[in-house]
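Based on the sequences and whatever the hints tell you, model everything.
Number of protein chains: 2
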Amino acid sequence: MKQSNDAFPSRLKESEDRVEPFIRTDPVVHSGNEYRWHGPLDEVALSKYERDGFLWFKGFFNQERMAPFFDELREMSQDKEMLASDQVIQDPNTGDIRSVFAMHELSDHFSRLTRDPRILGMVRQLLGSEVYIHQSRINDKLGFEGSGFYWHSDFETWHSEDGMPRMRSVSASLMLTDNNEFNGPLMLIPGSHHYFIPCVGETPDLNWQESLKAQRLGVPDQKALAMMANRGGIQAPKGPAGSLMLFEGNTLHASNLNMSPWPRSNLFFVYNSVDNLLKEPYAAKSERPDFLGARKNTAPLTMHDDFPELA
Amino acid sequence: MKQSNDAFPSRLKESEDRVEPFIRTDPVVHSGNEYRWHGPLDEVALSKYERDGFLWFKGFFNQERMAPFFDELREMSQDKEMLASDQVIQDPNTGDIRSVFAMHELSDHFSRLTRDPRILGMVRQLLGSEVYIHQSRINDKLGFEGSGFYWHSDFETWHSEDGMPRMRSVSASLMLTDNNEFNGPLMLIPGSHHYFIPCVGETPDLNWQESLKAQRLGVPDQKALAMMANRGGIQAPKGPAGSLMLFEGNTLHASNLNMSPWPRSNLFFVYNSVDNLLKEPYAAKSERPDFLGARKNTAPLTMHDDFPELA
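Top line first, the protein sequences correspond to chains Z and Y. Read left to right, the first sequence gives residues 1 to 311 (my numbering). Read left to right, the second sequence gives residues 1 to 311 (my numbering).
There could be a bad hint or two in this list.
Given that identical chains are not distinguished, each listed pair holds provided it fits within a single copy or across any two copies.
[Unchecked claim] Here are the simulated DSBU-like cross-link-like pairs (lysine-lysine), alpha carbons at most 30 Å apart as the crow flies:
no.	residue 1	residue 2
1	Lys48	Lys238
2	Lys296	Lys285
3	Lys58	Lys238
By construction, these hints were calculated from the structure, which means they are not laboratory data.
Listed below in structure tokens is the structure:
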């Protein structure tokens, strides 16, 4: 249901007056409290995140740590009940698994990863509170595939379609394969998280079923995108499997087609502050499924210490 | 008309036995004669071209030299007769000019460029003979546009659809705008020119009208492409406006979507040896128009010396 006096108006009617991009007032680094001083990030890193909206950790984990996730994918691909579920996206041609949502609830290994002391420590510093997982998934894309996705802010969707009230989330993307210039790496516009860009186009019913294939709504217009890219440039960090990207939920990002024979797979998990629990969607008629925007399992994450080699 | 005993069989019927990629026997550098010793390229450059199938000249011309080509595009966009011609491709939405073919016949400025002593000198060295222009065009693509194109060998099309007998051509691409990682730069597979990859799919009538929009025929299969990319890697040279790419007509190349607000425009002109004139198409029913594969104007190019600042 569209709410009046919405702080982040989007999904505007074509006939409505356009709302120009505006500067956010929500903090980027939320910890003005005890969380700021207890974590792996120093003041330089916190300032960089504040300025750019992301932090890139090349080779954060050993590459060998990534193999078990492929094993889990293979196991899942044998599980017919699993394959029939909404939260599994299969390749229409080959039947191979392309994405599995809410992976942290299906896989102990993934769940432990989201509670890794280093990652969770950084995220608490950035969000200044306890956190939970808003969404998670594994993406497995073969070479010469992977359709890419156009520029967007995740927060715009989470606010409009999931009812996330404020900008107080951090996304983590962990590379399961090498990331290079030609296999469609994640691209970001530094500094774009400082602006909210209202988007035109009302949310249709069950939009998520289409938007998982190709996002057509919640896409900023070219004028706003050009302003952002001319101001901040574009970056596409490269690195080996095991590299980690932490990015603010409102940072504009995109991905081009994978034009190489080299696969591009990654884990994606979103932390939201426990002080920023979902409400009713701000610009959609009904909530999305729990595997896209968690409402049930919002207990604060506790650190998991049984990754000795990662500590 | 499909010819038997074709040295470069392609556009195979789905039902036919596949023909595996095979090593070319045609020379890459053709000048075992007087042409080898009279030109700008030294033995190191000739060896590099022989090995990789391309040579990149960053900042070959001053950027200021590129401006007149945009002026000519603007003039053409006022010319209604011109716009109605088959050789002009307009943007279906805006009506802006996207491509103009046979530009060297329309523009003195472009014609002189193709006869620039440095470029023509290099091309004669590579092809070991006098040369003429097989095809030329100007491409003007805005930011966030430009659909990109998938991996292909130009020679495969010129042989199959234009009747170009042997591998004895060089393509030149002159950048009118800066080329960067995000505006869909030309990508090449070094060394791929050493192989001919027969492609599956018969050529339909008037295929060129569709193939100018999106190439679906003459596309190597993924197995062959993976072999080439794993063997030679992928390169996408970057540089300012005025940079020049010379590449062998059989080198596999592609281009991704322009995900940036920065336009990507270039001039493209193909030199063919006068000893390699077009015959009947090897795998198509009829010839393509002259502006795509020249049959009329095949007189040897003569050097033009009135670019004092380029000499």
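Here's how the hints hold up against the structure:
1. Lys48 with Lys238: both (18 Å within a copy, 27 Å between copies)
2. Lys296 with Lys285: within (20 Å within a copy, 64 Å between copies)
3. Lys58 with Lys238: both (8 Å within a copy, 24 Å between copies)
Of the hints listed earlier, there is not a single one the structure fails to meet.
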